[in-house]
Amino acid sequence: MNVRVRLFASLADLAGVGSEVVEVEPGTSVAGLWRALAARHARLAEVRARPRAACDLVYADWDRSLDGTAEVAFLPPVSGG
Amino acid sequence: MVSLQERAISVDEVLAAARGPGEGAVALFLGTARDRSEGRAVLGLEYSAYAPMAESEMRRIEDETRSRFGVSRVAIVHRVGAIGIGEVSVAVAVASVHRREALEACRFAIDTLKRTVPIWKKELFEDGAAWVEGEEGLAAP
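Line by line, the protein sequences are chains A and B. Quick note on this note's numbering: the first sequence kicks off at -2 and runs consecutively. Quick note on this note's numbering: the second sequence kicks off at 460 and runs consecutively.
Keep in mind that the hints were calculated from the coordinates and are not lab data. Any given hint might turn out to be false.
[Claimed, not checked] Reference excerpt, derived from the structure (chain B facing chain A, CB under 8 Å, subset only):
id, residue
1, Ser462
2, Gly490
3, Ser507
4, Trp579
[To be verified] The following label-pair restraints were derived from C-beta to C-beta distances:
id, chain 1, residue 1, chain 2, residue 2, range
5, A, Asp64, B, Asp494, 44 to 52 Å
6, B, Arg527, A, Glu17, 34 to 42 Å
7, A, Val55, B, Ile544, 20 to 28 Å
8, B, Gly479, A, Ala28, 18 to 26 Å
Glycine included, C-beta positions come from ideal geometry on N, C-alpha and C.
Sequences are here, hints too, so could you generate the full structure?
Here it is as structure tokens:
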């Protein structure tokens, strides 16, 4: 299944992309998607603290299954305000 | 009212969105771009957002603030894009019948925004730029 991935701020800089479509096996978790991304973009290995994840605009745990999710975002620690 | 916008924040508009004849108190918070950060001179800021989620999280904060503190109206406005030193980057206004709830709710709203809304600040220095990494974040895997 295809999932749209969004990256932001330092993560987008490291990966060199802000948005891409990744194909994953059914039953893949958020953590599995991150591993697939890290394999595609080597510099993501430089990330010190695990970013937060959001599935379809809602914060999600890393063990959450991606089934039924259209878009996953990986978010560095936020710094708005 | 919540807004994520590139254009400059009008404090008059933010207050007008919150105040009303039934409320005796309006609490206002403004976040402004500072000219120093960790000992270095800052020339400007750039804010980037995951826009649809930032808006939904800001609406969630508006709803939670209203119900948790019993205040009448909450306005939250955050800019994205380039912000000059001294300019307003974020505004929160809360109106309530009495001042205690307005002040507490205003603090809660901005504190929660800074923890949860997917917006990131980049500081521009003479010799480069850097993303500010917030306090929150999971432990390294």
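Outcome of the hint check:
1. A least Cβ separation of about 13 Å between Ser462 (chain B) and chain A goes past the 8 Å threshold, and the interface hint is therefore violated.
2. Interface hint at Gly490 (chain B): satisfied, since its Cβ lies 5 Å from the closest Cβ of chain A, which is below the 8 Å cut-off.
3. Using the Cβ-Cβ criterion of 8 Å, the hint placing Ser507 (chain B) at the interface with chain A is satisfied: the shortest such distance is roughly 6 Å.
4. Given hint, Trp579 (chain B) at the interface with chain A, holds; its Cβ is 4 Å from that chain's nearest Cβ, closer than 8 Å.
5. In this structure the hint that Asp64 (chain A) and Asp494 (chain B) lie 44 to 52 Å apart at CB holds, the actual value being about 49 Å.
6. Checking the proposed 34 to 42 Å range against Arg527 (chain B) and Glu17 (chain A) shows it holds: the Cβ atoms sit about 39 Å from each other.
7. One distance hint, 20 to 28 Å for the beta-carbon pair Val55 (chain A) and Ile544 (chain B), is violated here, with the actual separation near 35 Å.
8. Checking the proposed 18 to 26 Å range against Gly479 (chain B) and Ala28 (chain A) shows it is violated: the Cβ atoms sit about 47 Å from each other.
Figure legend: structure checked against the earlier numbered hints; hints not met, in rising order: 1, 7, 8.
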